[in-house]
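S.K.: Protein chains in written order, with numbering that gives the first Met the number 0: chain A, 0 to 113; chain B, 0 to 592.
Bear in mind the hints are in silico, worked out from the structure with no lab data behind them. All of these numbers come straight from a predicted model, not from anything done at the bench. Glycine residues also receive a C-beta, built at the ideal position from the N, C-alpha and C atoms. Among the hints, erroneous ones may be present.
[To be verified] Computed footprint of chain B on chain A; a stretch qualifies when at least three of its residues, placed anywhere within it, have a C-beta under 8 angstroms from a C-beta of chain B: (1) 2-9; (2) 13-26; (3) 36-45; (4) 48-60; (5) 69-79; (6) 96-105.
[What the hints assert, rightly or not] Here are some, though not all, of the chain B residues that point toward chain A, as calculated from beta-carbon distances under 7 angstroms: (7) Pro108; (8) Thr280; (9) Thr588.
[Unchecked claim] For lysine-lysine, the following BS3-like pairs were computed, each having C-alpha atoms within a straight-line distance of at most 30 angstroms: (10) B/Lys537 <-> B/Lys492; (11) B/Lys492 <-> A/Lys37; (12) B/Lys451 <-> B/Lys492; (13) B/Lys451 <-> A/Lys75.
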Amino acid sequence: MPPYVIPEKCDACQGEEEPLCVQVCPGDLMLVDPGTGKAVCREPGDCWDCMICVKSCPRQAIETVIQYQLAPVPAKLIPTLRPDSVTWTLVDCHGHIERYVVKTLAGEEEEEEL
Amino acid sequence: MARPRVYIDTDILIIGGGTAGCLAAWEARQVGGPRLKITILERGFIRHSGCLAAGMNALNMYLNQGTPEDYVAYVRYDMGGAPVREDILLSVAREVNETVALMEAQGLPIKKRPDGRYLNRGKWNVEVNGSLLKPITAGMAYQANAEIYNRVYVTELLQQNGRCVGAVGFGVRDGKYYIARAKAVLITAGGAAGLWRPRNAGDAHHRIWYYPFNCGTSYALAKRIGAEMTGFDMRLVTLRTKDTYSPTGTLAIGVGAPMINALGEAFMRERDEYLKFGGHTAPTIYRLWAAVREIEGHRGPVYMDTTKGDPQRLAGLKAQYLDMAPIIVLYWGAHDLDPAREPVEIDADSPVLVGANAGVTGIWTTGTTRMSTVPGLFASGEALGQAPCRFISGSWTCGRIAARHMVDYVGQNPGPAELDEVELARLEERTFAPLARWEEARAGGRIFTAGKPMEGILPREMEDRMQLVMEEYAGGRARLFYVNEAHLNIARKHINRLRREQVNYLMARDMHELQLAWDVIHRLECCQLVIEHILYRKETRYPGYVSRTDYPAANAEYDCFINSVWNPETDEVTFVRRPYEQIVPGDRTKESI
């Protein structure tokens with residue numbers, strides 16, 4: 000699910016030496032477009048869908064969009080990071096919403112399905 | 000043209016800060032003491048790079064029961080009785096549980112049963128919430144106080160009098176020439192994806208199971224320094240969920256879903272030709288082989304029948320996938336698919352070369368030292384050959400074991416001499432050549448209006464050509480993984496043309512493309528070994544993974560390890576057979592528990 004950057008939200012991590020998405024991408028795919036000053040994925044087809052950029056973005060400016068050859072609009076899957084868990088919101092093709100909370104660090108909190 | 004250089008002088012050099020590399024750094028610090036210099040060169044950013052980048056929901060090597068010997072018996076059974084390095088596997092199996100406990104103490108959430116024991120998935124797996132598996136793993140390298148260089152791509156190893164003494168490469172972001180001199184070098188740079196054409200095209204061409212940025216660098220580097228290479232006569236072909244190519248262990252073992260064909264037959268137990276392999280729990284190699292035979296026999300599509308699985312486990316299925324392959328959850332949602340109501344379609348993904356997952360490809364090592372046939376050069380993780388099914392937890396463990404032997408080696412051998420400046424200059428030119436060619440084309444105006452060089456090849460173009468040749472002539476999915484000598488000879492001709500001639504036209508327009516250029520160069524180095532090894536093994540030892548139509552049965556003459564050494568003068572490989580040594584007694588085609 001290649002990353003697409005929402006221009007209104009991205010501030011290229013002002014103050015950081017390197018925007019976080021640029022820093023973390025395993026495939027060296029994110030860069031700051033010199034024209035717009037915003038982050039962009041240089042080659043969506045080269046993305047492995049690890050979603051690290053999405054999880055790392057401090058402004059939630061990155062949306063992962065599944066390749067159309069694999070799945071149609073308007074389905075969406077949005078991760079929201081918490082200190083020791085991720086909340087995943089799935090919007091399916093009927094607009095139904097499912098949420099899953101998955102633990103990321105050892106602790107007492109139980110996994111739940113909302 | 001004076002390109003800025005970065006000189007590194009270290010005791011231990013680790014190429015690849017992944018599963019095995021990070022734990023090697025940690026263990027080297029434990030046994031080597033505070034003064035030992037440990038350096039990691041990592042092509043990505045160590046906290047999020049490699050096979051663990053997206054997370055993982057299980058550790059597939061753990062002894063929930065039984066002994067290390069039982070694990071060895073399981074592995075060789077799962078490989079259909081093919082030879083494996085039992086000595087190496089035993090050494091890992093003896094320590095793997097301790098390593099898992101170590102990682103749990105670092106914060107890895109391992110799921111528990113009500114009685115407090117780990118939640119197992121089958122005999123040899125434990126379930127984890129592994130979405131932060133890589134940051135936790137990388138934390139071990141930070142704790143070891145290793146010097147970590149992110150975004151450095153290694154292009155060649157250095158040698159002195161036959162000993163490996165370091166590596167050179169380029170900084171992907173800073174464009175600098177990196178030169179690392181070391182007393183011992185560990186290769187843990189992963190396996191190789193993308194030699195064959197991926198199942199999806201265009202903007203989904205990296206929607207594959209295996210990590211696409213592992214390009215065979217481990218194998219290419221070791222081959223070129225003259226190390227004995229092994230297991231290129233086997234590729235791993237995996238059954239994965241159709242289109243998203245997500246792992247299926249979650250369905251098969253986790254939910255207990257049987258494979259069915261288009262006729263609704265649970266073919267592993269309903270069709271006579273497969274029954275003898277053991278039904279639904281038949282070895283991985285036969286399950287793949289059978290599923291592909293069903294497709295070949297026009298009884299596809301093949302599914303995993305989740306509707307007949309354990310309903311309780313099925314309820315947690317999406318959450319389990321979110322820890323590892325979130326795309327499939329979206330795929331189901333987007334296509335109105337519900338695995339509780341309908342079976343999940345599966346298919347074979349393109350072949351990959353791996354040594355720590357369920358494959359045997361890699362560097363040949365001496366005893367349990369993890370040292371290759373080149374002194375000073377060690378291998379672990381996917382880079383280590385003939386010890387399959389170590390997976391993540393076994394790779395952590397294997398990295399630790401490698402580090403101990405490296406610390407010994409460093410203690411027993413004097414440091415290398417000064418590096419040869421002439422050689423360094425030659426390697427610098429080689430490393431940056433694709434950039435230089437582009438600059439030359441640009442200076443001469445030899446570029447079409449569309450941006451394509453007139454006498455140049457861009458990395459993606461060369462990758463496409465390589466993948467086409469491998470797919471059609473070296474047994475890709477398009478050929479249902481069948482090969483024969485006639486096909487392989489065509490593959491040999493075209494791949495060697497790419498390697499020997501076309502690569503001299505390879506161009507890179509920026510640093511990112513230089514990385515892509517080296518990805519394809521390293522993949523091509525692997526392609527040569529694959530073609531030569533499969534040609535040499537005139538039998539079918541690994542049905543489904545490599546099915547030779549001209550030698551369709553196994554031949555006892557090849558019940559051994561086939562190793563090759565590359566000759567830089569002739570660009571040919573010579574073969575040596577290494578005997579299989581059975582340590583754990585018993586029938587190799589049977590599990591012991």
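S.K.: All hints are to be evaluated individually against the structure, with a verdict given for each.
M.R.: Now for the hints, and whether the structure bears them out:
no.	hint	verdict
1	2-9	violated (count 0)
2	13-26	holds (count 5)
3	36-45	holds (count 4)
4	48-60	holds (count 5)
5	69-79	holds (count 7)
6	96-105	holds (count 7)
7	Pro108	4 angstroms, holds
8	Thr280	28 angstroms, violated
9	Thr588	36 angstroms, violated
10	B/Lys537 <-> B/Lys492	19 angstroms, holds
11	B/Lys492 <-> A/Lys37	46 angstroms, violated
12	B/Lys451 <-> B/Lys492	26 angstroms, holds
13	B/Lys451 <-> A/Lys75	36 angstroms, violated
Taken one by one, the earlier hints fail for this structure at numbers 1, 8, 9, 11 and 13, listed in ascending order.
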